[in-house]
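Chain A is already provided as a structure; the job is to place chain B on it using the hints.
There are 2 protein chains.
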Amino acid sequence: MKEIIGGVTAAKGFSAGGIHCGVKKSNIDKKDVALIVSDCMCSAAGIYTKNIVKAAPVLLTMNHLKDGKARAIVVNSGNANACAPFDMENAYKMALATADLMNISPEDVIVASTGVIGQTLNIKAIEEGLPKLYKSINKEGFDDAAQAIMTTDLVKKEHAVSFKIGENIVSLGGMAKGSGMIHPNMGTMLCFITTDIAISSEMLKKALIAANKVSFNRVSIDGDTSTNDMCVILANGMANNKPIDSDGEDFDEFLKALTFVCTNFARDIANDGEGATHLITCKVSGAKDEQSAENISKSIISSTLTKAAIFGGDANWGRILCAMGYSGEIFDPEKVDIAFASNDNIVEVCKQGKGLPFDEKLAKSILLEREVIINVTLCEGNKEAVCWGCDMTYDYIRINGDYRT
Amino acid sequence: MKEIIGGVTAAKGFSAGGIHCGVKKSNIDKKDVALIVSDCMCSAAGIYTKNIVKAAPVLLTMNHLKDGKARAIVVNSGNANACAPFDMENAYKMALATADLMNISPEDVIVASTGVIGQTLNIKAIEEGLPKLYKSINKEGFDDAAQAIMTTDLVKKEHAVSFKIGENIVSLGGMAKGSGMIHPNMGTMLCFITTDIAISSEMLKKALIAANKVSFNRVSIDGDTSTNDMCVILANGMANNKPIDSDGEDFDEFLKALTFVCTNFARDIANDGEGATHLITCKVSGAKDEQSAENISKSIISSTLTKAAIFGGDANWGRILCAMGYSGEIFDPEKVDIAFASNDNIVEVCKQGKGLPFDEKLAKSILLEREVIINVTLCEGNKEAVCWGCDMTYDYIRINGDYRT
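Just so you know, the protein sequences line up as chains A and B, in that order.
Just so we're aligned, residue 7 is where the first sequence starts under the working numbering, counting upward by one.
Just so we're aligned, residue 7 is where the second sequence starts under the working numbering, counting upward by one.
Where hints are given, some of them may not hold.
Because identical chains share one entry, a pair is satisfied inside a single copy or across any pair of copies.
Unchecked claim - Result set (DSS-like, lysine-lysine): computed pairs, CA atoms no more than 27 Å apart in a straight line:
#1 Lys341 - Lys56
#2 Lys357 - Lys99
#3 Lys31 - Lys367
#4 Lys99 - Lys367
#5 Lys357 - Lys389
#6 Lys99 - Lys341
#7 Lys18 - Lys72
#8 Lys357 - Lys56
#9 Lys141 - Lys367
#10 Lys99 - Lys138
#11 Lys56 - Lys289
#12 Lys8 - Lys248
#13 Lys262 - Lys36
Derived from the structure by calculation, the hints contain no laboratory data.
Just chain A, with the same shape it has in the complex (with noise of 0.2 Å):
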């Protein structure tokens, strides 16, 4: 496997673009639809908020993929068309406008929004702007299509790898948009994949949620869970692999890819968290289970207050032990050991429960680094998990307590 560019028109067969159409009107030079093309039909699954606030184009999308194909995704930045009048309607007749164009059937178009939640989609704007989308796209449309999806995000998010099935090379990229109200449970953001791979669309979902287990829901930037998330797949089968239809070593080969392209996204979207100066990585090893090791690390990075100490630079490492304290999860206070890292360096500061004498000096270099790394050793058993948050800081509270207006 290796990495390479092109986002999400990697892989074969799949043509992107990205264009301003009017749905965010305070700024022209912003793009907000984006729409992502495939030749011919994909076989596709999709993964979504575990909030029983749906917004329309989840639930659309949801009843889309029921038959587990598409050929198209069309996506708006700038407005969430989630609790809003005519939500329904309006994603509806954004798979119509899109389908007209592609002479294919609604039904087949995967729609998605992100942005501000109750205010009515400015549906015309897109109407009217999707012509002059669908004549844009094209191969090297990748990166307009991951601008078109930011909100809020500083950083456009795209990966993409190649690796091979047998004797075919197999393309798999895709781009992702999260940066705030971003909490693990289920596809905490949007995210889209695409893939020349062929494969059905039940071992399609079956490595949707695989790769998801261990990358995504892993991922807490303010432990809002948000009502549009979804992650959706499509695999067009243009490498020309032998289809896969079953577990077994090809399935595992695409399934490292798929986990690798999505926990690279998941850390993206940390690091890019809402006014994030830091990521921070979390490790729990020493579990007794890989469950219990999640838990206790969702715990820890989603800790308001261990948050805010990162941003300090603070090594107040009895924020953590309390926050594994409250996880839900049982093991001995009394076996647990804390460390600081950075990716040279690292300080131990808690052994068996009890604060340790610690180089303060050595604490503040390792926390002023961009990726701070917490090991935490449970001395339980030899499971782990390793999951992803940012620090909490005064751009955080600037950005969101002024979003809307």
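Quick look at chain B alone, frame taken from chain A:
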């Protein structure tokens, strides 16, 4: 029932005081040890943090209250005496030093600590200061005691009431501290309540659990359940009422007074949340049962995004509906009404799950009040619950970005 002054010494037979012993190094003016003493043995009950990492004084107090009896409470601020070398030994030494002065058993002394986790308690300073503190306690010492348990609290928290049981006048008062690491999970802070009512320790415990359920367990400041939380009540019987040892009118009267006082403390704690500029009171009504109303309300007051919006004076109700949706409770989003209110104004922003056009100026004026009321109606039944929280501000980040150092 009427409100009276006197806090933790409002009830007959209680003395209290608070002095600087040296646990807080930084400022000799800052009181850091409080003592509450009853003239005679009390029925006593406590409730404790559900964090599995419990501070040594919590574990010691749980043990000392097994017999439902106590005579004194000793508390330090400035150090949590949790996860630190010699923590259990030092907690016991606090009980022992107090017991020696009073010539009672250490098992009749309740010990509590609050402050930074993981650093060794300066027990010598407490042992040396206690004789002076013990000499200083008196009927007027309630303010000093309340001050001595403050950490990041800006306001000392005291309430007291008197009411009648039969022909006897009963007094009940207390003091509390709590400002950060506050999340509903049983007794989310320190609170000490004294009363001269005559009541069995079993009925006292029953009342405390019931009052806690609708007060302290409905507060959240930052989602972090502390290692040191406890709420303890002492009842010395000096009001000479017919002792309460079962359910009935007298018990109900007592529970009403206790709930009133605990609810006031709960509101105080939310209002004094670290960095808070608003008390958020969230009432969910029209629920099918009280527990689901409470869970939905808690999810709203705990939502970082909602808290940031209130700080920004932004009527971003979409975040409220979103937080309801991930509360774990099932409800129909299409039946939800949301309004923002102050004590004399109201603005409806969402009707049956969809945004309403509303007067932004009126909304802004409501959101500028110190207490912002969020009214949510589910239209699914007739049960309701109120929870309290606060906004998330720059100052919260400042306070918690560098608390330890």
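Can you give the numbers of the hints that this structure goes against, from lowest to highest?
When the structure is compared with the hints, numbers 4, 9 and 13 turn out to be violated.
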